[in-house]
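Peer 1: Below, each chain spelled out in residue letters.
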Amino acid sequence: MEAPAVELNRLNPLLAGAAGESDLIPLLQQVQEEYGYIPPETLAPIARKLKISPSKVQGVISFYSQFYTEPRGRNVVTVCRGTACHVRGGRGVLRVVQKILGLKDGETSEDYEFTLETIACLGACALSPVMVVNGKIYGRMNPKRIENVLAIFSDKDG
Amino acid sequence: MEAVTFTLNGTAVSARAGKTILEVAREHGIDIPTLCHHELLRPIGACRLCQVEDEKRGLVVPACVTTVQAGMVINTHSPRVIRNRTNIIRLLLASHPESCLVCEKGNRCELRKLAARMGVGEPDLDRMPYHPTVIDLNPIISRDLSKCILCGKCIRADQEVVVEGVIDYNKRGFDAHPATLFLEPLEKAECTLCGTCLSVCPTGALQEKGRLRLDYAGARTASVCSLCACGCSIFLEHDHQAVTGVSPTARPHTANGISLCVKGHFGHDYLSSPDRLRSPLLKTEDGFQPIGWDKALDLAAARFRDIAATAGPKALGFLGGSRSSNEEAYLFQKLAREVLGSPNLDSLSRLYWGPAARVLLEAAGSAAGTGSFKDLEASDAVLVVGADPTRTAPVLGYHLKRAVRFGRKKLILLDPLETKLAPLAEVWLRPGPAADGPALAGLVKAVLESGAQPGREKSGAGFEQVSVAECAARAGLAEEDLRRAAGLLAQAERGFIVFGGGLLQQPEAAQLTGLLVSLARLTGWLGRPGAGLLPLLKDCNAQGALDLGLAPDLLPGHRPAAETGLDARQMVSAAAQGRLKGLYVLAENPLGVLPDPEAAGAALAGLDFLVVQDMFLTETAKLAHLVLPAAGLAEKDGTLTSLERRLQRFERAVPPPGDFPPEWRVLTEMARRLGQDWSYDSAGDVLAEIGRRVPLYGGPAGADLEGQAVFWPLPGPSETGAGGSQALVPEPGLSSETGDGYPFVLMQGHLLEHLGGGARTSHSRRLSQLAPAGFIGLAPADLEALGLAEGDGVRVSSAHGQLEGPARPDARLPQGVVFAPASFPGWRPGVLFGGEAAGLKHCRVRLEKI
Numbered sequence: 001m002e003a004p005a006v007e008l009n010r011l012n013p014l015l016a017g018a019a020g021e022s023d024l025i026p027l028l029q030q031v032q033e034e035y036g037y038i039p040p041e042t043l044a045p046i047a048r049k050l051k052i053s054p055s056k057v058q059g060v061i062s063f064y065s066q067f068y069t070e071p072r073g074r075n076v077v078t079v080c081r082g083t084a085c086h087v088r089g090g091r092g093v094l095r096v097v098q099k100i101l102g103l104k105d106g107e108t109s110e111d112y113e114f115t116l117e118t119i120a121c122l123g124a125c126a127l128s129p130v131m132v133v134n135g136k137i138y139g140r141m142n143p144k145r146i147e148n149v150l151a152i153f154s155d156k157d158g
Numbered sequence: 001m002e003a004v005t006f007t008l009n010g011t012a013v014s015a016r017a018g019k020t021i022l023e024v025a026r027e028h029g030i031d032i033p034t035l036c037h038h039e040l041l042r043p044i045g046a047c048r049l050c051q052v053e054d055e056k057r058g059l060v061v062p063a064c065v066t067t068v069q070a071g072m073v074i075n076t077h078s079p080r081v082i083r084n085r086t087n088i089i090r091l092l093l094a095s096h097p098e099s100c101l102v103c104e105k106g107n108r109c110e111l112r113k114l115a116a117r118m119g120v121g122e123p124d125l126d127r128m129p130y131h132p133t134v135i136d137l138n139p140i141i142s143r144d145l146s147k148c149i150l151c152g153k154c155i156r157a158d159q160e161v162v163v164e165g166v167i168d169y170n171k172r173g174f175d176a177h178p179a180t181l182f183l184e185p186l187e188k189a190e191c192t193l194c195g196t197c198l199s200v201c202p203t204g205a206l207q208e209k210g211r212l213r214l215d216y217a218g219a220r221t222a223s224v225c226s227l228c229a230c231g232c233s234i235f236l237e238h239d240h241q242a243v244t245g246v247s248p249t250a251r252p253h254t255a256n257g258i259s260l261c262v263k264g265h266f267g268h269d270y271l272s273s274p275d276r277l278r279s280p281l282l283k284t285e286d287g288f289q290p291i292g293w294d295k296a297l298d299l300a301a302a303r304f305r306d307i308a309a310t311a312g313p314k315a316l317g318f319l320g321g322s323r324s325s326n327e328e329a330y331l332f333q334k335l336a337r338e339v340l341g342s343p344n345l346d347s348l349s350r351l352y353w354g355p356a357a358r359v360l361l362e363a364a365g366s367a368a369g370t371g372s373f374k375d376l377e378a379s380d381a382v383l384v385v386g387a388d389p390t391r392t393a394p395v396l397g398y399h400l401k402r403a404v405r406f407g408r409k410k411l412i413l414l415d416p417l418e419t420k421l422a423p424l425a426e427v428w429l430r431p432g433p434a435a436d437g438p439a440l441a442g443l444v445k446a447v448l449e450s451g452a453q454p455g456r457e458k459s460g461a462g463f464e465q466v467s468v469a470e471c472a473a474r475a476g477l478a479e480e481d482l483r484r485a486a487g488l489l490a491q492a493e494r495g496f497i498v499f500g501g502g503l504l505q506q507p508e509a510a511q512l513t514g515l516l517v518s519l520a521r522l523t524g525w526l527g528r529p530g531a532g533l534l535p536l537l538k539d540c541n542a543q544g545a546l547d548l549g550l551a552p553d554l555l556p557g558h559r560p561a562a563e564t565g566l567d568a569r570q571m572v573s574a575a576a577q578g579r580l581k582g583l584y585v586l587a588e589n590p591l592g593v594l595p596d597p598e599a600a601g602a603a604l605a606g607l608d609f610l611v612v613q614d615m616f617l618t619e620t621a622k623l624a625h626l627v628l629p630a631a632g633l634a635e636k637d638g639t640l641t642s643l644e645r646r647l648q649r650f651e652r653a654v655p656p657p658g659d660f661p662p663e664w665r666v667l668t669e670m671a672r673r674l675g676q677d678w679s680y681d682s683a684g685d686v687l688a689e690i691g692r693r694v695p696l697y698g699g700p701a702g703a704d705l706e707g708q709a710v711f712w713p714l715p716g717p718s719e720t721g722a723g724g725s726q727a728l729v730p731e732p733g734l735s736s737e738t739g740d741g742y743p744f745v746l747m748q749g750h751l752l753e754h755l756g757g758g759a760r761t762s763h764s765r766r767l768s769q770l771a772p773a774g775f776i777g778l779a780p781a782d783l784e785a786l787g788l789a790e791g792d793g794v795r796v797s798s799a800h801g802q803l804e805g806p807a808r809p810d811a812r813l814p815q816g817v818v819f820a821p822a823s824f825p826g827w828r829p830g831v832l833f834g835g836e837a838a839g840l841k842h843c844r845v846r847l848e849k850i
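Chains as they are written, first to last, in our numbering: chain A, 1 to 158; chain L, 1 to 850.
If you are wondering where the hints come from, they were derived from the structure by calculation, not from laboratory data. For clarity, every value in this text was computed on a predicted model and none was experimentally measured. Careful, some of the hints might be misleading.
[To be verified] Here's a subset of chain A near chain L, in silico, CB distances under 7 Å, partners left out: (1) 53; (2) 54; (3) 56; (4) 59; (5) 62; (6) 66; (7) 67; (8) 69.
Where a beta carbon is used, it is the ideal one built from N, C-alpha and C, also for glycine.
All chains, please: the whole structure from these sequences, using the hints.
Peer 2: Take a look at the structure:
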């Protein structure tokens, strides 16, 4: 399956509210909300609208880890690699998730169903080891629970 | 300005408030090392080498971004500061490759120089190399980002000076580096390869490819770039034998500061071309034969004297000077007028700006633009008409882009082409090709009707019958856009109208310039200091040649000639009819510029005696009976006058490729052989005479040309003429040409990489690699409609001739318009132009795939 083609007309309403360089970061956040990531095709129109150079837009995007320049999966799985999770088997959690999804850290599946990421610490150490799927925290993970949780999302919408 | 007193290294000093510690320290001769600082770039405090100790607060602060405060106690060389600086250098070296021995920056590397000066050798730190992945294939600039120290000078040069925005920081922390969009190599990014980044890069991260030698050659001579009319101040680096490199002089009062363009920075390798002429050549039955100078000068003098004696002085013509020095131009006209008595005198730059110059003379009192680049940057609004300074006068383009980007000035663009200025324009008026006449008339009327100029001159006379709506319709513009543009222009207190080849090369150039004059009067810009009109001249001494009388109707100093001689095109016709028998062409190539070069070639070939003096055997030189070699700008002394009216001196740095005298001496020798007692021993002697005899140059000729900006003065507002206005609405051009069977309009124009007809730039190895050959540019939609792919052969036919070349998409073009560059010897779009009244800009054509 291919990444969905970028519909640039979805950008226009977002651009309408932006005027100058100071609007860059809020605009990039909106674009990412709209597309799930910041498609490279949008850099030139964004730069033109804000009257800055496209290389500057790229510079800002690449500076912040919150911005993504590649399409992400419908479901984003984040495994915690913090100290508390680590001592309670966080590395094993990551290994199991990688095996089930067939993805390495930072990768997205070919069918754009899953993206796997790690995070330094979620702050939910009491529940360790933890992972997050689409913003919802799942604590005290073990191989069986991991399989169950991921199964919920794999089944959804076929 | 308020003064601040503080303690600097134990001494009380006072300085103007707002100055940085670095500035004040340097004024007091204290040496603070820097890597990221450049006085012509915004300080950012990135490298931290300039840190100094603020003893009262117990802090170290970066001197380049810290302003002086009263009562501060600053120590620039405390043990703590020295230790920190040394550690910064050690850390920089730890992440820098150990390839100094083979690094092409050689002894020009600032990091290495600084480390050596500060006593830092092996850093004794774990190495942290960076492995870059981008490879640049262009022939000009190579990047090795493993040597980048993140000083950000290249980024600031690109964004603040050149205003291209091709590079910016990418990523963060150890991964951070300057990068193009999508990490493309420079040649695929929108980089113009001006090399301004290269000039400021302190290390080997940015390198110039193709240098004759890698190190600093040992000598440098201040000079002036002659590859357009901007008059950029340059250093010629040389080893007394050959020019090995060019760099900007980076002086604040110059036109260019730290910037240059790809031509000026990297095109001077034409000086070392093996094709340079080395000795006089006499045409014999066996082709050209080298002869000695004495013989050549004797022959030329004798033949000119014979023709003047038998057929009269008016059978002689003199053509040239727009690329010669002021001294040469002056002597050339003196030879023609005073020695041989011929009024037939012209320079080829007048082909495009003669009519406009005449209008400006009547309107503004002198045949020149009315302001400088600095004025332009300080004005409130700029109207650019038919000009693409980003190609033909790049440094003027930088000023313009800076004015819009950072000065928030309003740019109004009137151009059928989507030039690089279009995205910056507040209003972009895009008339049909050659429809500038109605567009400008509509603009004048709309300014009149905007009513925003109380008390301004009643220049509306003649426009009573003009209707904005009708003009807009005829120009193919929206009336609303015209009125919006007019409103912005009418509100601007000080503004400029920059106009170039797109307008100047039309047959109606005089009328169109007249409309611009009307507009400049209505807005009140004409006659106001630092405002008015600025024609975009192309050749390095187009202004100087006209100032010094290389025109059939103007004597030196723009004074009217008693008798008007033949202009360039009339000389060619007279040659064809046998009325002109002898012609001296000085450093110009008429066959590369004139319309219908075949007919012109036949006419020149029929002359009794044709002398061509040039650096290369041009198309015109090949027809000559006698060819004289010319010296390059690096090989002689003289002055040039830029399109700003800026007078600048250049000096001999290297010897010419053969044993020959500079042109001013050739002209002097020729005059002596014709019985004159010319006694100039140097170019300076000639300039001194110019200063005495040409009032315009009276002050400037004696001024200090190195230490300050020198412009010849404009007449005061009271002397500004009343003429020059134009109230007619010119018909759109090309109306006399039938459209039947010729559905496209061809525009002849220029490329960034080449100057004019390419007589010199085509001999630059690097520029030729960048832009090697002619092509036919088409709007992408036209390319598709014609079933053409890039590179397919196209035949362009007009009523007068045919031209073949590969097709190339050109996104600047509207549909129905094709573009052909005029810069390639042997490939001349001029063949498509013909007829007495032909312009040099547009003609109707049809296209076929071949």
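Peer 1: Run every hint past the structure and note whether it holds.
Peer 2: Consistency of the hints with the structure:
1. A hinted interface residue such as residue 53 of chain A counts as satisfied when its beta carbon comes closer than 7 Å to some beta carbon of chain L; here the least separation is about 2 Å, so the hint holds.
2. Annotation: residue 54 of chain A was flagged as interfacial toward chain L, and the flag holds, the nearest CB pair being 5 Å apart, inside 7 Å.
3. At about 5 Å, the closest approach between the beta carbon of residue 56 of chain A and any beta carbon in chain L falls short of 7 Å, and the interface hint on this residue holds.
4. The criterion of a C-beta within 7 Å of any C-beta in chain L is met by residue 59 of chain A, whose closest approach is roughly 4 Å, and the hint holds.
5. A least Cβ separation of about 5 Å between residue 62 of chain A and chain L falls short of the 7 Å threshold, and the interface hint therefore holds.
6. Given the 7 Å rule on beta carbons, the hint for residue 66 of chain A is violated: about 12 Å separates it from the nearest Cβ of chain L.
7. With 7 Å as the threshold, the beta carbon of residue 67 of chain A stays out of range of chain L, its nearest partner Cβ sitting at about 12 Å, so the hint is violated.
8. The interface hint given for residue 69 of chain A is violated, since its Cβ lies 10 Å from the closest Cβ of chain L, which is over the 7 Å cut-off.
Figure legend: structure checked against the earlier numbered hints; hints not met, in rising order: 6, 7 and 8.
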